[in-house]
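Novice: As you go down the protein sequences, you meet chains A and B in turn.
Number 247 in UniProt numbering belongs to position 247 of the first sequence; there are no gaps in the numbering.
Number 312 in UniProt numbering belongs to position 312 of the second sequence; there are no gaps in the numbering.
What the hints contain is simulated information worked out from the structure, not anything from laboratory work.
Computed footprint of chain B on chain A; a stretch qualifies when at least three of its residues, placed anywhere within it, have a C-beta under 8 Å from a C-beta of chain B: (1) 50-64; (2) 133-142; (3) 153-163; (4) 239-253; (5) 265-274.
Think of the CB as a built atom: it goes at the ideal place given N, C-alpha and C, for glycine as much as any other residue.
One letter stands for each residue in the lines below.
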Amino acid sequence: MRLTAPTRAYRRRAPGEPRAIGYLYILPALAVYAVFLLYPFGQSVWLSFVHWDGLTVATPAGFDNYRALFSDPSLRAPFLHALLLLVFYSALPVAIGLLLAAVMSRARVRGMTFFRTVLFLPQVLALIVVGVAWRSILAPDGLLNDLLRAVGLGGLARPWLGDYTWALPAVGVVGTWVGTGLCMVLFLAGAQRIPRELYEAARMDGAGPLREFRAVTLPGLRPQIAVALTLTIVAGLRNFDLIYITTSGGPGNATSVPAYEVYHRAFETNQVGSAAAVGVALTVLIFVLTVAAARLVEGRRA
Amino acid sequence: MELARTGARRRIRGRAAPAALAVGAVLLAAGCVPGTDGSGAAGAGTGAATAVPDPARAGKTTLTVWDQEIRGGTNGEIQQLNREFEKKYPNVRIKRVARSFTDLKTTLKLAVSGNNPPDVIQANQGYPDMVAFVRAGLLAPLDNYAGIYDWNTRYPATLLNLNRVSADGGDFGRGRLYGISQTGEYIGLYYNKDLLRRAGLEPPRSWGEFTDGLARLKKRGELPIQFGNLDKYPAIHTFGVLHDQLGAAGARDTVLGRGDGFDNAATKGAAATLADWTERGYLPKGANGLGYDDAAKKFASGDGAYLLTGTWQLADLKKSMGDRLGIMPPPPAKAGGNPVTTGGQGLAWSITSRSRHPEVAAAYLDFLTDAHAADVMTRHGVLPAVPAQAAARVAPDSADGQMIAGWKRLSAADGLVPYLDYTTPSFYDTLSAALQGVISGKTSPDAFAATLQKDYGAFMRKQREQHTSAGNR
Numbered sequence: 001m002r003l004t005a006p007t008r009a010y011r012r013r014a015p016g017e018p019r020a021i022g023y024l025y026i027l028p029a030l031a032v033y034a035v036f037l038l039y040p041f042g043q044s045v046w047l048s049f050v051h052w053d054g055l056t057v058a059t060p061a062g063f064d065n066y067r068a069l070f071s072d073p074s075l076r077a078p079f080l081h082a083l084l085l086l087v088f089y090s091a092l093p094v095a096i097g098l099l100l101a102a103v104m105s106r107a108r109v110r111g112m113t114f115f116r117t118v119l120f121l122p123q124v125l126a127l128i129v130v131g132v133a134w135r136s137i138l139a140p141d142g143l144l145n146d147l148l149r150a151v152g153l154g155g156l157a158r159p160w161l162g163d164y165t166w167a168l169p170a171v172g173v174v175g176t177w178v179g180t181g182l183c184m185v186l187f188l189a190g191a192q193r194i195p196r197e198l199y200e201a202a203r204m205d206g207a208g209p210l211r212e213f214r215a216v217t218l219p220g221l222r223p224q225i226a227v228a229l230t231l232t233i234v235a236g237l238r239n240f241d242l243i244y245i246t247t248s249g250g251p252g253n254a255t256s257v258p259a260y261e262v263y264h265r266a267f268e269t270n271q272v273g274s275a276a277a278v279g280v281a282l283t284v285l286i287f288v289l290t291v292a293a294a295r296l297v298e299g300r301r302a
Numbered sequence: 001m002e003l004a005r006t007g008a009r010r011r012i013r014g015r016a017a018p019a020a021l022a023v024g025a026v027l028l029a030a031g032c033v034p035g036t037d038g039s040g041a042a043g044a045g046t047g048a049a050t051a052v053p054d055p056a057r058a059g060k061t062t063l064t065v066w067d068q069e070i071r072g073g074t075n076g077e078i079q080q081l082n083r084e085f086e087k088k089y090p091n092v093r094i095k096r097v098a099r100s101f102t103d104l105k106t107t108l109k110l111a112v113s114g115n116n117p118p119d120v121i122q123a124n125q126g127y128p129d130m131v132a133f134v135r136a137g138l139l140a141p142l143d144n145y146a147g148i149y150d151w152n153t154r155y156p157a158t159l160l161n162l163n164r165v166s167a168d169g170g171d172f173g174r175g176r177l178y179g180i181s182q183t184g185e186y187i188g189l190y191y192n193k194d195l196l197r198r199a200g201l202e203p204p205r206s207w208g209e210f211t212d213g214l215a216r217l218k219k220r221g222e223l224p225i226q227f228g229n230l231d232k233y234p235a236i237h238t239f240g241v242l243h244d245q246l247g248a249a250g251a252r253d254t255v256l257g258r259g260d261g262f263d264n265a266a267t268k269g270a271a272a273t274l275a276d277w278t279e280r281g282y283l284p285k286g287a288n289g290l291g292y293d294d295a296a297k298k299f300a301s302g303d304g305a306y307l308l309t310g311t312w313q314l315a316d317l318k319k320s321m322g323d324r325l326g327i328m329p330p331p332p333a334k335a336g337g338n339p340v341t342t343g344g345q346g347l348a349w350s351i352t353s354r355s356r357h358p359e360v361a362a363a364y365l366d367f368l369t370d371a372h373a374a375d376v377m378t379r380h381g382v383l384p385a386v387p388a389q390a391a392a393r394v395a396p397d398s399a400d401g402q403m404i405a406g407w408k409r410l411s412a413a414d415g416l417v418p419y420l421d422y423t424t425p426s427f428y429d430t431l432s433a434a435l436q437g438v439i440s441g442k443t444s445p446d447a448f449a450a451t452l453q454k455d456y457g458a459f460m461r462k463q464r465e466q467h468t469s470a471g472n473r
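Chain A with its partners taken away, still in its complex shape:
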């Protein structure tokens, strides 16, 4: 007991100021955060427990809107699509980004800055622009199919965005294209911070490029990988613009995702309660997945 008292006093005073005043500094930011994020989020949670068409008086729904997430196939499918898209939006960009970073940090490439910029460029573009551009690339006689025909693979040409099997992967590839540059730049920055001595030591122990990558680069990049996974998972799950522009969830409902479903239900089909439930579920899913990713990669409790 006696021991704790001085510790506490010490802690309270520690960086020279009484601690309470610290809250005062963040108060403005906190207020903005509360007004624009916490309050609306609370509202969304509240709305998810009512049936409401956005106009007439709402009726209590209990857990109906949430139960529908499991029982209604048209609500279940978007979540499955989103999880599948994560392979394209998160796993692939991180993998390709690692590969590119490994190659670029080892080999001396002429015009390195140029390649880095080009690969990062998709990240700078508005997703709407990306969507419009890819929509025309993937069109039945768009660039991709023209290319396939030019190299004698015309049999593979298809209306990518209108094909029940291929629409989802096609949208996914767009996500990979967007996300890879960001991951690569993150990893390149991280790789520069890995001490050269580690590589020299590895080489002296006779490690080849592969071994070197696994034993030095990969562990050294852990924090960056965690950041990249978090960013890409969030971006992938809240993916709305690309779907909105390219397929509107079609053909049929083959590419509908939760974020699109939120918009669609709230603003187009007057099912505000259901839209709120999808939104809340999506928030929870994002939270769980990002925490899991951070734990997995950093190997500690996030």
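Based on these hints, arrange chain B on the given structure of chain A.
Specialist: Just chain B now, with coordinates in the frame of chain A:
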């Protein structure tokens, strides 16, 4: 750049709209129990007027108007009419808020239920918008004004009915009048005169002649019908035309909630035809992957002999095709018979129930839809719901003249069937998704009909329950 609006409702009808994104359900920060504002009784509003209102005596007035007429011709026409109205009544100022169809649709709900609603809005017909607004008591019934201003005789009943909602706010297509439309529109058969001539074809006089021509065009290596369905809704129009050929009367009854539904030969036959056309290559391969606007552009550049789409495309197509462009209603079953097609009218102009100047608003609605307004529309290349003198002076063999003549023939023969997606609140989704399945060969005509019937049946049951419970109260 204008984007083809993807995935919005029926009436997107290809009005390529700048796709500004209204994102986020978190906008929904409202009061405690949602909907307790603005939920007056369904009959609230302006019943009192008995004489023609005189806006000049209203004092200084600002009329707030939300519309979606942002495209070239319609925008010009509205701007001119607004200017003229302000000149006629110097005490009235019109505050116009013009948004693309999609933007208007996504923001209107919050605006009309808020504390400061606009006076006049353009409400989309059908269950998701107009019926929902009426049910919430947000629109004023206009039957009185329809009497005072003779709207009942100005418009054919078929058109006026599309702006009606039953008194209990449950049914669409009958009951009180909640709006009046300015423009007309129908799904027409556009054709490329050069391509037809080269194939030795005339504009078809009968449906049989039309389909025979398709085979002939295909044989010559031309694409018979240009078509893109990536945006999901265009197939509703194409299917609607096929459906009308097989059972127009039944289709209209079903849309208005008094028919047998979709589990019938007409629906299956139309779906089979659509699949067959795709199979035979009358429609482009992979239409599900081609955008609506892209398809129109291809047609305009000479790829495809026919294009089945709405009259709203005429101005744009004419710009690039000039005299090579022709348009007609889809040909009737027998030469010389009455044509029939999907069509109707532009969005309804409605008065909100809490407008402080309902009489000025009514005068404005009358001004927007009278004979003079029709002439202004014609001069701007817009099809008025009721063409007036100027329409008679348009050269009859021009595309504009053909469009107007077709509209007159359709109106006279009562040949307009409402958009099929009016049928139920969820029908746009159901129909457009199922049609993509039919086109890709994934959904059989039988399964397609069953899917539509399921949606229709569920809605009808709900309607009946509501009617019974309202009757017991």
